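> Please build the complete structure, drawing on both the sequences and the hints.
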Amino acid sequence: MGWGCVFAAASAALSSNVSTAELLTRLASNPTALVAITIQFLLGLAVGYYTAKIAKYVVALVVTFIIGALIGAWGTAGSVESAVREITRNWEQIKPLIWQLVQVVGTILVGPTALGFFVGLALGVLRR
291 MGWGCVFAAA SAALSSNVST AELLTRLASN PTALVAITIQ FLLGLAVGYY
341 TAKIAKYVVA LVVTFIIGAL IGAWGTAGSV ESAVREITRN WEQIKPLIWQ
391 LVQVVGTILV GPTALGFFVG LALGVLRR
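Start counting the sequence shown at 291; every next residue gets the next number (my numbering).
Careful: at least some of the hints might be erroneous.
[Unchecked claim] In silico SDA-like cross-links for lysine to any residue, where the CA-CA straight-line distance does not exceed 20 Å:
id, residue 1, residue 2
1, K343, V353
2, K343, F408
3, K343, L332
[To be verified] Here are the in silico distance ranges between beta carbons for each label pair:
id, residue 1, residue 2, range
4, S369, Y340, 38 to 46 Å
5, V374, I329, 45 to 53 Å
6, L360, A311, 50 to 58 Å
7, T328, N380, 39 to 47 Å
8, L413, I361, 32 to 40 Å
9, V374, A336, 38 to 46 Å
10, T378, L413, 34 to 42 Å
Worth flagging that the hints you see were computed from the coordinates, not collected in a lab. None of the values given here were measured: they were computed from a predicted structure. Backbone N, C-alpha and C fix where the C-beta goes; we use that ideal spot for every residue, glycine too.
Below you can see the structure in the form of C-alpha cells.
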C-alpha cells in the first residue's frame with residue numbers, strides 16, 4: 291500500500307475524468323497516505339512560517355554576498371568596463387547551474403509541502 295495508492299489515484303485522475311472530490315476520497319481511504327500528506331503539509335507550513343520570519347536576514351545576507359562579489363570583480367578587473375565584462379562572462383558560466391537548481395527545487399517542493407509552505411509564509415508575514 292502506502293505511496294502506491296497515492297500514485298494509482300493520481301494516475302487514475304490524470305487518465306480519466308475523476309473529480310477532485312473523488313480523488314480526495316480515494317486518498318482519504320488510505321490512512322498511510324493521509325498521514326504522509328498531513329505530515330508533508332505541516333512541514334511545509336513550518337518552513338514557510340520560519341522563512342517569513344527570517345526573510346529580511348536572508349535578503350541582507352544575499353545582498354552582502356552580491357556586493358562583495360561585485361567589489362571583488364571590480365578590484366581584480368581594474369576598471370568598471372572590464373569588471374562588467376568579467377561579471378557577464380561569469381554569469382554565462384553559472385546560469386545553467388542556477389537553472390538546474392531552480393528545476394530541482396521546483397521538483398522537490400510539490401504537493402502538500404508546497405501548499406503548507408505558502409500557507410506558512412502567509413501566516414508568518416501576517417503575524418509580524
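> All the hints need checking, so say for each whether the structure fits it.
Okay, the hints, checked on the actual structure:
1. K343 <-> V353: Holds, at roughly 18 Å.
2. K343 <-> F408: holds (13 Å)
3. K343 <-> L332: The hint holds at about 17 Å.
4. S369 <-> Y340: 38 to 46 Å: Cβ of S369 to Cβ of Y340: about 43 Å, so the range 38 to 46 Å holds.
5. V374 <-> I329: 45 to 53 Å: Roughly 48 Å apart at Cβ, these two residues keep to the hinted range, so it holds.
6. L360 <-> A311: 50 to 58 Å: holds (53 Å)
7. T328 <-> N380: 39 to 47 Å: holds (44 Å)
8. L413 <-> I361: 32 to 40 Å: Given about 38 Å between the Cβ atoms, the range holds.
9. V374 <-> A336: 38 to 46 Å: Between V374 and A336, where Cβ atoms are some 42 Å apart, the hint holds.
10. T378 <-> L413: 34 to 42 Å: At 40 Å between Cβs, range holds.
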